[in-house]
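Asks: Build out the structure end to end from the sequences listed, making use of the hints.
All letters in the sequence shown, in the order written, are residues 4 to 437 by the numbering used here.
One or more hints might be untrue.
Stated by the list, open to error - Okay, derived cross-link-like pairs now, DSBU-like style, lysine-lysine, Cα gap no bigger than 30 Å in a straight line: (1) K202 / K243; (2) K211 / K424; (3) K303 / K356; (4) K322 / K356; (5) K19 / K60; (6) K309 / K322; (7) K315 / K286; (8) K216 / K289; (9) K211 / K286; (10) K269 / K309; (11) K424 / K243; (12) K356 / K202; (13) K356 / K279; (14) K322 / K303; (15) K322 / K216; (16) K303 / K204; (17) K286 / K216; (18) K289 / K243; (19) K216 / K202; (20) K356 / K338; (21) K60 / K46; (22) K47 / K279; (23) K279 / K243; (24) K286 / K309; (25) K56 / K18; (26) K243 / K322; (27) K309 / K289; (28) K289 / K356; (29) K338 / K309.
To be verified - Derived Cβ-Cβ restraints for the label pairs, each shown as a range: (30) Q198 / K39: 44 to 50 Å; (31) E412 / Q198: 20 to 26 Å; (32) T221 / K289: 36 to 42 Å; (33) G433 / K289: 17 to 23 Å; (34) G293 / Y344: 29 to 35 Å; (35) Y407 / G433: 52 to 58 Å; (36) T369 / A208: 27 to 33 Å; (37) I406 / D30: 38 to 44 Å.
Read the hints as simulated data drawn from the structure, not as lab findings.
What you are looking at is a predicted structure, and each value in this text was computed from that prediction instead of being measured.
Every residue, glycine too, gets a C-beta built ideally from N, C-alpha and C.
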Amino acid sequence: MAIKDSISVKNTELKKAIEDAQALIDDVNSDPEQAKAAMDLVKKLQSDIDTLKELEKAEPGDSDAGASNVSSDNSGDNNTGDGNTGSDNAGDSNTGSDDSGDNTTGNSDTGSDDSGDDDNKKDPKEKRDMPIPLNKKNKSEVRDVLNAVIHSKGEKRDDANGVSGITSTDVGVIIPEDIIYNPEMELKTVTDLAQLVTKTKVTTASGKYPILKRASTTMNTVAELEEAPDLAKPEFLDVKYEVETYRGQIPISQESIDDAAVDLVKLVAQHAQQIKVNTTNAKIAKQLAGFTAVPLTADKLIDGLKEVYNVKLDPAYNKNIVLTASMYQLLDTTKDADGRYLLQDQIGTASGKTLSGIPLEIVEDTAFGGDAGSQQAFIGDLSRSILFADRADLQLEWVQYPIYGRILEPVMRFDVETADKEAGYFVTVGTTSK
4 MAIKDSISVK NTELKKAIED AQALIDDVNS DPEQAKAAMD LVKKLQSDID
54 TLKELEKAEP GDSDAGASNV SSDNSGDNNT GDGNTGSDNA GDSNTGSDDS
104 GDNTTGNSDT GSDDSGDDDN KKDPKEKRDM PIPLNKKNKS EVRDVLNAVI
154 HSKGEKRDDA NGVSGITSTD VGVIIPEDII YNPEMELKTV TDLAQLVTKT
204 KVTTASGKYP ILKRASTTMN TVAELEEAPD LAKPEFLDVK YEVETYRGQI
254 PISQESIDDA AVDLVKLVAQ HAQQIKVNTT NAKIAKQLAG FTAVPLTADK
304 LIDGLKEVYN VKLDPAYNKN IVLTASMYQL LDTTKDADGR YLLQDQIGTA
354 SGKTLSGIPL EIVEDTAFGG DAGSQQAFIG DLSRSILFAD RADLQLEWVQ
404 YPIYGRILEP VMRFDVETAD KEAGYFVTVG TTSK
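Replies: Written as structure tokens, this is what we have:
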């Protein structure tokens with residue numbers, strides 16, 4: 004079968020396949036798999052037609068046909084011209100015949116030769132020319148087309164020739180979309196300050212928590228068999244606490260629980276846990292901001308910080324630094340007189356940096372009640388400075404209401420109070436001094 008005939012057959016099959024596919028698409032009760040199979044058949048037939056067209060263009064016979072047509076046209080022109088000439092010659096032959104037999108014979112021979120030439124000329128409808136040999140360029144084109152068809156498995160399209168077919172836009176209604184149903188938690192820098200302070204379980208709604216002050220006396224020298232002198236009595240600092248209840252509710256419809264692709268109840272519980280950390284951090288940061296204030300300027304920052312943790316703070320305290328992100332940026336880009344950065348790398352700390360060996364805990368700029376861009380920090384002993392009276396940690400209660408669903412009610416009961424007021428200082432950085 005010729006390539007043109009194959010293309011005609013394929014076009015008929017393609018038309019029928021498109022009609023079948025469209026019928027399946029329009030039928031709301033049709034099987035999606037059948038519709039997909041019908042579309043695959045349409046694509047395959049379209050691919051076959053495109054492939055046959057490519058081969059038809061690259062086939063050597065096409066060039067031959069073109070050459071034959073030109074030759075035939077030329078032949079037709081020559082025949083017409085020769086025919087006229089032949090006729091003229093024939094007329095001459097007849098005239099010569101009247102004049103002389105020799106002339107007639109001679110002219111007849113000539114006429115016979117001309118007539119023979121006319122007989123040997125090809126019919127325009129015939130294609131008896133020798134095939135034009137393929138040059139390297141034609142061979143390369145044929146090879147490239149065949150390779151493209153083979154490697155694309157029939158999906159090769161010649162968009163440059165304006166080949167039109169069914170695209171994904173046309174059949175978008177039956178093409179599924181991939182949707183990720185597992186939500187990713189938004190990353191935020193949240194340090195749980197409650198893990199760094201003294202967290203004490205209490206059994207009553209209010210009370211006092213005694214904190215033993217640091218001993219400042221020493222022992223006396225005593226001779227043998229002499230009575231030992233009395234030592235200084237321990238001093239206690241009573242910290243009063245009043246437990247408060249913090250709670251809220253998150254209604255969840257039963258439909259959303261049933262239809263969700265993930266464990267919605269677990270997801271909401273994780274959300275409540277983040278709210279808990281935000282709540283405790285806000286209460287702790289408020290108490291830290293109430294410690295003795297140390298205002299510093301950017302140009303005196305290094306000297307001021309060293310004075311706080313070298314002189315003002317008792318060496319016995321375990322020092323921590325809780326600072327805002329903007330304060331951390333300022334410290335991380337500050338150099339000393341020798342051109343060395345103020346912060347040192349420290350593997351194992353949350354921030355990866357330390358200030359003179361003191362670990363850093365970074366909070367958001369608004370943690371201490373300031374605005375975005377606030378440069379603030381607490382330097383001191385967190386375990387001694389803050390009392391966290393924990394009456395009831397986060398509890399997730401499922402409360403029943405006359406609705407088709409659940410209501411998650413997170414509950415916390417705690418209080419945060421300042422314990423040892425000498426255990427830290429609150430540093431703020433202002434404008435450069437003049």
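Asks: Next pair to validate is K202 with K243; report whether the Cα-Cα distance is within 30 Å.
Replies: holds (14 Å)
Asks: Between K424 and K243, is the straight-line Cα distance small enough, at 30 Å or below?
Replies: holds (14 Å)
Asks: Between K47 and K279, does the CA-CA distance stay at or below 30 Å?
Replies: Status violated; Cα separation ~59 Å.
Asks: Has the given pair, K338 with K309, been kept, meaning a C-alpha gap of at most 30 Å?
Replies: Roughly 14 Å between the alpha carbons, so the hint for K338 and K309 holds.
Asks: Between G293 and Y344, does the beta-carbon spacing fit 29 to 35 Å?
Replies: holds (31 Å)
Asks: Decide if the proposed pair is consistent with the structure: K322 and K303, CA atoms, cutoff 30 Å inclusive.
Replies: holds (21 Å)
Asks: Hint check: K269 vs K309, CA-CA at most 30 Å. Holds or violated?
Replies: At roughly 47 Å apart (the allowed maximum being 30 Å), K309 and K269 break the hint.
Asks: Is the straight-line distance between the alpha-carbon of K286 and that of K216 30 Å or less?
Replies: holds (24 Å)
Asks: Quick one, are K322 and K216 close enough, alpha carbons at most 30 Å?
Replies: Holds. K322 to K216 sits at ~17 Å (cutoff 30 Å).
Asks: Taking only the CA atoms, is the gap from K243 to K322 under or equal to 30 Å?
Replies: holds (24 Å)
Asks: Holds or violated: K309 with K289, Cα cutoff 30 Å?
Replies: holds (24 Å)
Asks: Holds or violated: K289 and K243, Cα atoms, limit 30 Å.
Replies: holds (17 Å)
Hints 10, 16, 22 and 30 from the list above are not met by this structure, while the remaining hints are.
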